[in-house]
Amino acid sequence: MSIEGKTEFTKPVYTRPRSLVDVKTHFCPGCHHGTIHKIVAECIDRYGVRENSIGVACVGCAVFLYDYIDVDVVEAPHGRAPAVATGVKRAQPDKFVFTYQGDGDLAAIGTSEVIHAANRGENLTVVFVNNTTYGMTGGQMAPTTLLGQKTSTTPYGRDFRSDGYPIKMAELLAGLDGTAYSARVAVSTPAQIRKAKAAVRKAFEMQINGMGFSIVEFLSTCPTNWGMKPLDAQGRVLGEMSEYFPLGVYKERKQADFA
Amino acid sequence: MSSLAAEASKKILLKGNEAICLGAIAAGCRHYYGYPITPQNDIPEYMAAHLPALGGTFLQAESEVATINMILGTSASGKRVMTSSSGPGISLMQEGLSYMAGSELPAVIVNISRSGPGLGGIAPSQGDYFQAVKGGGHGGYRLIVLAPHSVQEMYTLTMLAFDLADRYRTPAVILGDAIVGQMKEPFEATPYDSAATAEKPWALTGCAGRERLHVKSLHLKDNAIEVHNWKLHGKFERIRKTETRAESFLLDGAKIAVVAFGTAARVSKTAIQWARKEGIPVGMLRPITLFPFPEREVFDLAKTVDVVLVIEMNTGQMVEDVRQSTPLHDRIAFLGKPCAMPTPEEILDRIRALAGRKG
Numbered sequence: 050m051s052i053e054g055k056t057e058f059t060k061p062v063y064t065r066p067r068s069l070v071d072v073k074t075h076f077c078p079g080c081h082h083g084t085i086h087k088i089v090a091e092c093i094d095r096y097g098v099r100e101n102s103i104g105v106a107c108v109g110c111a112v113f114l115y116d117y118i119d120v121d122v123v124e125a126p127h128g129r130a131p132a133v134a135t136g137v138k139r140a141q142p143d144k145f146v147f148t149y150q151g152d153g154d155l156a157a158i159g160t161s162e163v164i165h166a167a168n169r170g171e172n173l174t175v176v177f178v179n180n181t182t183y184g185m186t187g188g189q190m191a192p193t194t195l196l197g198q199k200t201s202t203t204p205y206g207r208d209f210r211s212d213g214y215p216i217k218m219a220e221l222l223a224g225l226d227g228t229a230y231s232a233r234v235a236v237s238t239p240a241q242i243r244k245a246k247a248a249v250r251k252a253f254e255m256q257i258n259g260m261g262f263s264i265v266e267f268l269s270t271c272p273t274n275w276g277m278k279p280l281d282a283q284g285r286v287l288g289e290m291s292e293y294f295p296l297g298v299y300k301e302r303k304q305a306d307f308a
Numbered sequence: 050m051s052s053l054a055a056e057a058s059k060k061i062l063l064k065g066n067e068a069i070c071l072g073a074i075a076a077g078c079r080h081y082y083g084y085p086i087t088p089q090n091d092i093p094e095y096m097a098a099h100l101p102a103l104g105g106t107f108l109q110a111e112s113e114v115a116t117i118n119m120i121l122g123t124s125a126s127g128k129r130v131m132t133s134s135s136g137p138g139i140s141l142m143q144e145g146l147s148y149m150a151g152s153e154l155p156a157v158i159v160n161i162s163r164s165g166p167g168l169g170g171i172a173p174s175q176g177d178y179f180q181a182v183k184g185g186g187h188g189g190y191r192l193i194v195l196a197p198h199s200v201q202e203m204y205t206l207t208m209l210a211f212d213l214a215d216r217y218r219t220p221a222v223i224l225g226d227a228i229v230g231q232m233k234e235p236f237e238a239t240p241y242d243s244a245a246t247a248e249k250p251w252a253l254t255g256c257a258g259r260e261r262l263h264v265k266s267l268h269l270k271d272n273a274i275e276v277h278n279w280k281l282h283g284k285f286e287r288i289r290k291t292e293t294r295a296e297s298f299l300l301d302g303a304k305i306a307v308v309a310f311g312t313a314a315r316v317s318k319t320a321i322q323w324a325r326k327e328g329i330p331v332g333m334l335r336p337i338t339l340f341p342f343p344e345r346e347v348f349d350l351a352k353t354v355d356v357v358l359v360i361e362m363n364t365g366q367m368v369e370d371v372r373q374s375t376p377l378h379d380r381i382a383f384l385g386k387p388c389a390m391p392t393p394e395e396i397l398d399r400i401r402a403l404a405g406r407k408g
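Note that the protein sequences, when read in sequence, are chains B and Z.
Quick note: the first sequence uses our numbering, first residue 50, plus one each step.
Quick note: the second sequence uses our numbering, first residue 50, plus one each step.
Since the hints were derived computationally from the structure, they do not count as laboratory data.
The structure displayed is predicted, hence computed values, not measured ones.
Don't take each hint at face value.
[Stated by the list, open to error] Computed cross-link-like contacts, SDA-like style, restricted to lysine to any residue with a CA-CA straight-line distance of at most 20 Å: (1) B:Lys144 <-> Z:Gly258; (2) B:Lys144 <-> Z:Trp251; (3) Z:Lys386 <-> Z:Glu369; (4) B:Lys73 <-> Z:Arg261; (5) B:Lys300 <-> B:Ala247; (6) B:Lys144 <-> Z:Lys249; (7) B:Lys300 <-> B:Thr160; (8) B:Lys144 <-> Z:Thr254.
For reference, chain Z alone in the conformation it holds in the complex (with noise of 0.2 Å):
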């Protein structure tokens, strides 16, 4: 156990981005390759500090296209893997990631996104859900999408993105932005369920004993890749039908519905609150997967009240999966604030105005 990590065992203030190497760590990964990139250095530095120790890599790539290929050559040896990056690094990931959506290789991709397009800024933004949710390479396929807004939940989530990615053999993303990641909060080290690890018997180890295994993406006999996609498909439903995770706060009683994610749901939490002080009916619904979407629970909420307000760090993205839930577009409102993180009094303001807009 590393020292952090012994220290952790009580409550102590931590680093966001220092909460995922804990999670990583105590959910058995020992491999971490990954290039500099602000806002998310925490990560490697700490990695390259306590990995070496406990018998694990650290190594630093000549770049994000050679790490991801690295991260698939160490996942399809069957071990849990991890990198760390953001915006243009993940962007430089796609290549591989697609590869590994194919070839049905788990690993945990950690995504503490900045602004952008291109270059962009440093500053935290959520312009990245359509890249995460959507797959972001070519060819069709989903990543599963988990999205903390605390850093406890760096840590929980992070646990529960390897074994996610085990189980359906497909990369999993944490996706984070600079708030979620720089930020220090209290936060308490709750053991790993080492019982959720999955076998892999489809790992490369050499054929001793067995028939030799490959590990591909490349399907060129008959209709070998559209069974493939198929096959890929229905582990994609699957996935959506086990493991859509969200979080109702405040919802009883509510008119009006926030749905947010990450560091939008974490500021809209306080206004909410403030909200419900001056006799407000507001409440949120959180998205914690973002791939699967939760869409029944937003299909039911749009139903019972009178204004959906989806507030995201980007100028409109989640809206799109909201409005695709419910057919009650009408309803839906958004608030948007790119590269940049809404204030609670913003949030405040806007609620008061649709409160007062529905009399």
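One chain only, chain B, in its complex shape (with noise of 0.2 Å):
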């Protein structure tokens, strides 16, 4: 390892994921898209599925999910993708299908579908990307944007009189007989990486063992919009956002409905 050139690898101890296509991303300086992408990519790896499974993009910084995971991607439209993964599950129940979505894809326009998806029990795994913006249209109010936090729609900040409170999904979607796992990490640090790396494969488990519905939420940056260096982003994370949303596992079913 060292410089000179004297060590020798014998071993890789780290490769990009099979299912990781190898090309730049779009994504912005200390986004965590990329690291996402990465633990899907290494559990789609992990779990063999990649010839398997089908994504669905959604609306926002994460529609170009196609370019990177190297999987058939149908892209749904904004908030709709549990809906469209219903109707790719239905079609072909053998295949591995999961969704990406941000906050405000799945927590304000997609409630309604990922509620009844999870509601439903749908045999599918759910990514949920919570940066609490809109980061694609330029940093507007999320639904999971912090009381205070200023957007470009609260320049002020967001006040819960006129805006409401943040909303907790992993909670919420716990709260529903058909979902089967739901649980909220982050990627902020080596540690928490990790966990959610693990996490995803418990929601994979789910899929693969037919136990219905799993969602993991990232708590996740976005520095550009939320006008921080990288590092301050990885402490907003590890500071307010994990106190108002806090980590943990929400839900895990230990057997299925129908056994």
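Both chains come to you apart, so use the hints to assemble them.
In structure tokens form, the structure reads like this:
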């Protein structure tokens, strides 16, 4: 490992996941989408489902999922990914089906679709990325925007009297009988990344074992729209975001209802 | 084969909405998603009862918005899929239909239309003509639109709708109404010609043994969206050239030509037969495809008759396409009956008046 080249590599300790396409992403510096994509790709590899997967892309920064994850992908209208995924899974129950959605997509315009997909116990997996803002459209208030947080549409800070409260989707969906697994994770430290990957593995296993709906909510950064340096953005996730959106597993079904 | 389909191998009395289900099942549709709305509930109820036994999927969605996106997902999987609804529900599906047209996904959408705008009423109407034939959602596209006027046609045109949707990779609409959906007529199940079934190499089935595939409507790079729009336009032009269908009814020697579709055409047939008995030379051109509209047929017809009488169960929508098809606008007359079925007597009176006017 020395720069003099004396150490020879005998065994790779880290490689690009097979399911992650070898291209530069369009994501901003300090954005967590790249890390989350990698975790998803690693889990696809781990369970050997790459050639058996259909991903559903959402509207927003994550729409380019199909450029980065090397699986078949269908693009859904804004918020509708869980309904599209339902249509895919019902037509091909033997396939591995996942959506990848942001907070505007899943927790605002798409609340109906995700709640009913969960409530039906659709046997699919949702990767939900919560960065408390609309990234692609330029940093407007999201349903997950924290109280007091300034965005381009809450220039004086989010006020619960006019804008309501940040919505806690992992907890909300955990309350539904059809949900097999619901967890909230973060990827701001190496330890968190390991835990996040374990949660995605659990969510994938739920689907592979036919247990029903699984969701992993990621607390994620948006340094560009937060107006923060990447390192400060990590601090925000570890600080006020994690305080309002506690990390943890909110639901873990041990056995399928119909077993 | 379902019990109803087995019975239908001989002539039976059948409701229009049920004929759509038999046509869909005969054409290999095994996936149905929908949401309740009057006057089309016979369709989801039939599918709920029969699709599971055929190894298919029936799912009652939380909304028509979700419905059309489930349709999108199943269509992207390469499977034949159908939904049905009525005006307000079809409006909610327009977002998804735009995405499906953009993503080039086939499906069959049944509109057993009712009165509008808004909640309107449950009376039969042809007020959804514009929405169906002009695209309906954002962005510029067309839907293939078929207009059955009998229970038998509810069956045959549903089978045709699946074939056309697959052939051109775009959604096809059955535009019916409360009358043609709810009425019962003698019906005979004709066999489905599966030779017309299109291959779907674009379907998302997992990337085993091939490169990954995408189904999408977003085109951001360079002028890709312009190129895509021209490609879609070319497809719609091919549809215009090759798929126009219309029925000529008693047009030999006609000096008055009715142009009507669906239930309005059905009622007109009675009135035309009565008028013929009175010696009035009247016939009808009945568009079976509303998109593509039989423009050439209307153009030729208008040159040979004194009056083109457009009859619709609305205040005048298809009449605009008739006007666009011929420069002879002073020959075009209109009889509209919004949100109700015109009676044969009303139509006969108008035909008589037109015959008298021309002396």
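Hint check results:
no.	hint	in the structure
1	B:Lys144 <-> Z:Gly258	holds, 15 Å
2	B:Lys144 <-> Z:Trp251	holds, 16 Å
3	Z:Lys386 <-> Z:Glu369	holds, 16 Å
4	B:Lys73 <-> Z:Arg261	holds, 18 Å
5	B:Lys300 <-> B:Ala247	holds, 14 Å
6	B:Lys144 <-> Z:Lys249	holds, 18 Å
7	B:Lys300 <-> B:Thr160	holds, 19 Å
8	B:Lys144 <-> Z:Thr254	holds, 8 Å
In the structure shown, no violation is registered for any of the earlier numbered hints.
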